[in-house]
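If you read the protein sequences in the order shown, they are chains V and E. When we follow our numbering, the leftmost residue of the first sequence carries the number 449, and every step to the right adds one. When we follow our numbering, the leftmost residue of the second sequence carries the number 449, and every step to the right adds one.
Be a bit skeptical, because a hint or two may be false.
To be verified - In silico EDC-like cross-links for lysine to aspartate or glutamate, where the CA-CA straight-line distance does not exceed 20 Å:
id	chain 1	residue 1	chain 2	residue 2
1	V	K1045	V	E1035
2	V	K469	V	E536
3	V	K469	V	E714
4	V	K622	V	D677
5	V	K494	V	E752
6	E	K1045	V	D1074
7	V	K622	E	D642
8	E	K622	V	D642
9	E	K494	E	D594
10	E	K494	E	E751
11	V	K1112	V	D1074
12	V	K1112	V	E1017
13	E	K494	E	D648
14	V	K622	E	D648
15	V	K494	V	E682
16	E	K622	V	D648
17	V	K1045	E	D1074
18	E	K622	E	D677
By construction, these hints were calculated from the structure, which means they are not laboratory data.
2 protein chains.
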Amino acid sequence: MPTRRQCANAIRVLAIDAIEKAKSGHPGAPLGMADMAEALWRRHFKHNPANPSWPDRDRFVLSNGHASMLHYALLHLTGYDLSIAEIENFRQWQSKTPGHPETGITPGVDMTTGPLGQGIASAVGMALAERMLAARFNTAEHSIVDHYTWVFCGDGCLMEGVSHEACSLAGVWKLGKLIVLYDANGISIDGRIDAWYSEDVRARFTAYGWQVIGPVDGHDAAALDAAIDGAKGETARPSLIICRTHIGFGSPKADSEKCHGSPLGEGAARAARRTLDWHEPPFVIPDDIYRAWDARRTGMAAEERWRTAFAAYRQACPDLADEFGRRMAGDLPADWPAPAQGVLREARTRAEDAATRAASKAVLECLVPRLPELVGGSADLSGSVGTCTTASRHFEPVSGLGNYISYGVREFGMGAIMNGLALHGGFIPYAGTFMAFSDQAKNAVRLAALMGLRLVWVFTHDSIGVGEDGPTHQPVEQLASLRATPGLLLWRPCDITETAVAWQCALESRHMPTCLSLSRQSLPFHTRDDAQVALIARGGYVLRDCEGAPEIILIATGSEVALAEATAERLNTLGHRARLVSMPCTELFDAQDAAYKERVLPNACRARLAVEAAAPDFWRKYAGLDGAVCGMSTFGASAPAASLWGHFGFSVEHLLDMALELLKNRA
Amino acid sequence: MPTRRQCANAIRVLAIDAIEKAKSGHPGAPLGMADMAEALWRRHFKHNPANPSWPDRDRFVLSNGHASMLHYALLHLTGYDLSIAEIENFRQWQSKTPGHPETGITPGVDMTTGPLGQGIASAVGMALAERMLAARFNTAEHSIVDHYTWVFCGDGCLMEGVSHEACSLAGVWKLGKLIVLYDANGISIDGRIDAWYSEDVRARFTAYGWQVIGPVDGHDAAALDAAIDGAKGETARPSLIICRTHIGFGSPKADSEKCHGSPLGEGAARAARRTLDWHEPPFVIPDDIYRAWDARRTGMAAEERWRTAFAAYRQACPDLADEFGRRMAGDLPADWPAPAQGVLREARTRAEDAATRAASKAVLECLVPRLPELVGGSADLSGSVGTCTTASRHFEPVSGLGNYISYGVREFGMGAIMNGLALHGGFIPYAGTFMAFSDQAKNAVRLAALMGLRLVWVFTHDSIGVGEDGPTHQPVEQLASLRATPGLLLWRPCDITETAVAWQCALESRHMPTCLSLSRQSLPFHTRDDAQVALIARGGYVLRDCEGAPEIILIATGSEVALAEATAERLNTLGHRARLVSMPCTELFDAQDAAYKERVLPNACRARLAVEAAAPDFWRKYAGLDGAVCGMSTFGASAPAASLWGHFGFSVEHLLDMALELLKNRA
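This is chain V alone, in the form it adopts within the complex (with noise of 0.2 Å):
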């Protein structure tokens, strides 16, 4: 039987020889963190190697996700399909090993992490979708969601802005089961912390609400036990364990940020492999130690008892049954999409004026009651952002009830920890905040989009129509920003019936997150017909046309949209064939075939003209060399927005004479 000390060794000569291999990677953090790994992978994590998507496993997140090679190796030790070949092939193209963690690529990555500080912030998501999926559907006899999180972090991680705002929320959600091992090696890239890292962890976790254990030694398997024991022990906070842990332990370079982010190089490898007394050829695990840390039969144990209990839970309470059964496997509610067609034909039929962000609280209005799996919430501007509906309930953190979080001022945070409640099935989050603070939370909608989850932004007060409140609140390059990540829908709706195709989209979109941009200021409705309707899911469509082949083509989106139709109905008026496109959403429409886009924009008719309200150049797409934009290529300012319109070009004057002067150009 081997030492608790040689199966960590196991790990750190994985570690070794997939990054020597690769001939790049980050030996220092999966060598130093090694013995936490196995103290908690071997003794406390409930998981089931041969079914990655057991419900109710426990999660683990690596949030300094450069430390791939630790999860890797004990996935390859603990049974999951990663063979030995594909830890071989770390970081090459196409492996199951890539060189940061991305979870749909490897079997029991549960979170795609790197950027550092965002896996313990979408952890304390996770946690928080356990302990509300726990309270809505355990009873007093069945308890079928019960599984911590987990997470192991490095300083970087605490250095992180957004860890301070996920962390003081996981204190007051009082969220028990969230339990973190810091990795305290007290080194980081440029060298030891002390210069750059001095606060007293201790003390900013406890004043967040946390339990703080430790520090403990890190490379004590008993002391690592027993601090997890004591984590697992508190069930009102959530833990951190701190561990002091030697970077790079058992190389040469141990304790140096030498080890942090190369290969130790063969010397060095050679020299750790002496110093763990290790004495196997590169890839080679005794088989007594693959024993010791095969987690199989355990593991299908594990979850034969939950599905045991599960049967009980479904005799007894069917429905919940069936509707965790629902909720986990991500299907919409059976009458789908009945409840998005509901909204679409009452809006049409109300046929009202209203700024699209009061459009979309409409819409959620009728969809909060009927999809138990949305839960909202604002980064602390709920009433301006329409995302608390009348059937929203704040989330209670005793109780563990509510479909509405109150995430403070914490953009960053909030979509952190909605790709954490995404991550962990079984809801659908939506949020908002300003578009212009779009910007804080940037890196988590693009690991969003990264990680292909089902979330809706809604970003509000999507342009100078905010007004008053001047540029650092007027978005101007923030469309420009979501437009080009990939893998992501972004819905710049005119109206409400643009609105509301633009939530039964989002909400379909089953692997892509999509943001709502939407207008402070009333816009008025627009008629379609039913064919029109259809047409908008496909992202553009001609909302107005010319008799005959169109001279020129008004293109735009939002709340430019009427002001365009204005210019066209003068163009009309003047003789000329002006056609007007509303274009809600360009990535659908791109994926249109060719003979679609060509319909709606032939490709005969050069006179174009974009319209909307932020940096232009992206509209050159649609209108060319020889169209033309109207944007904003600077800044805004702050005066009541009927001004700013005028000042900033966006009039039906203004928006003619670029028209007529297109037009004069063709001929």
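Based on the hints, put chain E in the right spot on chain V.
Frame of chain V, contents of chain E only:
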């Protein structure tokens, strides 16, 4: 002689009146913080209303910028060039009183605030600047740099992650002259904060190494004085004074979020005047209260004392005095641009291949010793981003000496602190991180652009050239995002020559920040004649031309220039007339006159192929509808860079296919 409360009430009624008249604004915070403002500004704040640029004035940052009317009232009452007409014109087009404070618009406003948390974070940079200048310029006999940095902030600022990042550093740096008055009113926009902000702020800031004073009654002038004295008495730690206040103090909506973000309304405004025992008409302040506030005489005297001291300093240390004057004026060294030209000359002579991150480091190696105003740094990636030169000395908190900052893993905090350094004056900050993590700092970059600050971001690892670290570390949309941001120069140089020119332009760009987009991987040196080198600063120029008018133009930046060049050569070999345009800075190219742009990109030539390993849509601006773009429309992947280039279509073969297709369609 009016009471202190009456003086504070003058702020309150001006805020009420201006917000009522504007029909928009945030009365709650000015009403709540008026007594804090009275205590600070009438008893402690060192300033001269007649000269808001006095180098040794105290700095004041209203981190909760929505309380702008508090600041405007203070500036008006103490005698700045801010008339009552401007107060009456609050939030109107081109007034000096925009919705949120904007530096450069209102005399006496040291920083643009509004996005919560960034004020306090940039104030850390200002206090750091004071500390570093004092260490550099003060002598045993002469103290010419000796002022405080004061911050007002609210709960929202402390929830934001950037406050964590910067305040943790302020503790490490022992910034004893940074004093924050925290408006702890227990209310944010969504209501009573307990449900989303329950952390122990005292314990948190103590953990950072701050002195924490209070809670004190934020409406008790004497208690506030004592607290401020206590803060000034502590010289080795920054101080946080927790002030318990009532939001909307004096109004019927006090202690409620209802007074946060909209006018009180006529009835409540009238009731507030009664409660405050204020009987003047709107916008009328009694003379005795004006007299009690007037700081012009004392301010003039204070600056006069400093000028006398500075004259003695100049006598004793003329060189230091000149250098201080130069640095605070923002002038480059007298021998400029000789150092930059020397770098350029050397680069051209050496003609070496290099990663542009290494090229940037080589440039810095020459410039850092010659420009003492350069203060460098990195978010824990010093070795990777090449910001730390042999002439760089780490900032040492006790002595205050050094020209290099290890910011730790805190991109956003780093950005906000750079903004503070630049705002203070005396420094040109530059700092580096990976381009993918520009996301985290984005809103600080935006504020730098909005404020027109000279500073340089060194964003390296700017494409899939990152290789094995994978998609979390490979930027795609970041270039589009930064290019869409107004008031910003983005340079993506293709070799050391362009890198040297980029640095020169960045340092000469006095009122605009610069982002450098630099490669991880080595890039070939391109030969150019003198005329071509002179054109680099135009942002785009012909790097390789064909005989006669081009049939096709290839446009590329950075690491893709060499690839485009090889493709152009192949095209020329095949008998096509292909031109290669290097476009390192599109903002500068766009600013050229039409004739120059036509010379580089003749309108008649529509077969245009843009090549950049980033989101492609931006390039339609130059490629048009008839051109093509080779870019990244998905996220990258983890693999050796050499294999990624091919898999994502960045090969001569693929570019050649695209080019030939364009030529065929043209025919």
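Now the hints, each set against the structure:
Taking the CA atoms of K1045 of chain V and E1035 of chain V, the gap is near 12 Å; set against the 20 Å cutoff, the hint holds. A distance of roughly 7 Å separates the Cα atoms of K469 of chain V and E536 of chain V; the hinted pair therefore holds under the 20 Å criterion. At roughly 10 Å between alpha-carbon atoms, K469 of chain V and E714 of chain V fall within 20 Å of each other, so this suggested pair holds. This hinted pair checks out: K622 of chain V and D677 of chain V have alpha carbons roughly 18 Å apart, not beyond 20 Å.
Under the criterion of a C-alpha separation no larger than 20 Å, the hint pairing K494 of chain V with E752 of chain V is consistent with the structure, at around 12 Å. For the hint pairing K1045 of chain E with D1074 of chain V, the CA-to-CA distance comes to about 15 Å; that is within 20 Å, so the pair holds. Of the supplied pair hints, the one linking K622 of chain V and D642 of chain E holds, its CA atoms being roughly 13 Å apart against a limit of 20 Å. With a C-alpha separation of about 13 Å, the suggested pairing of K622 of chain E with D642 of chain V holds against the 20 Å cut-off.
A C-alpha spacing of about 10 Å is found between K494 of chain E and D594 of chain E, which places the hinted pair at or below 20 Å, so the restraint holds. Between the alpha carbons of K494 of chain E and E751 of chain E the distance comes to roughly 9 Å, so the proposed pair stays at or under 20 Å and holds. A threshold of 20 Å between alpha carbons decides the hint, and for K1112 of chain V with D1074 of chain V the separation of about 12 Å falls inside it, so the pair holds. Only pairs whose Cα atoms come within 20 Å are accepted, and K1112 of chain V paired with E1017 of chain V is accepted, the gap being roughly 18 Å.
Annotation: proposed proximity of K494 of chain E to D648 of chain E is violated, straight-line Cα distance about 32 Å (limit 20 Å). Under the criterion of a C-alpha separation no larger than 20 Å, the hint pairing K622 of chain V with D648 of chain E is consistent with the structure, at around 15 Å. For a cut-off of 20 Å, the pair hint linking K494 of chain V to E682 of chain V stands: about 18 Å separates their Cα positions. Proximity of K622 of chain E to D648 of chain V is assessed by CA-CA distance (about 15 Å); at most 20 Å being required, the pair is judged to hold.
A threshold of 20 Å between alpha carbons decides the hint, and for K1045 of chain V with D1074 of chain E the separation of about 15 Å falls inside it, so the pair holds. Between the alpha carbons of K622 of chain E and D677 of chain E the distance comes to roughly 18 Å, so the proposed pair stays at or under 20 Å and holds.
When each numbered hint is compared with the structure, a violation occurs for hint 13 only.
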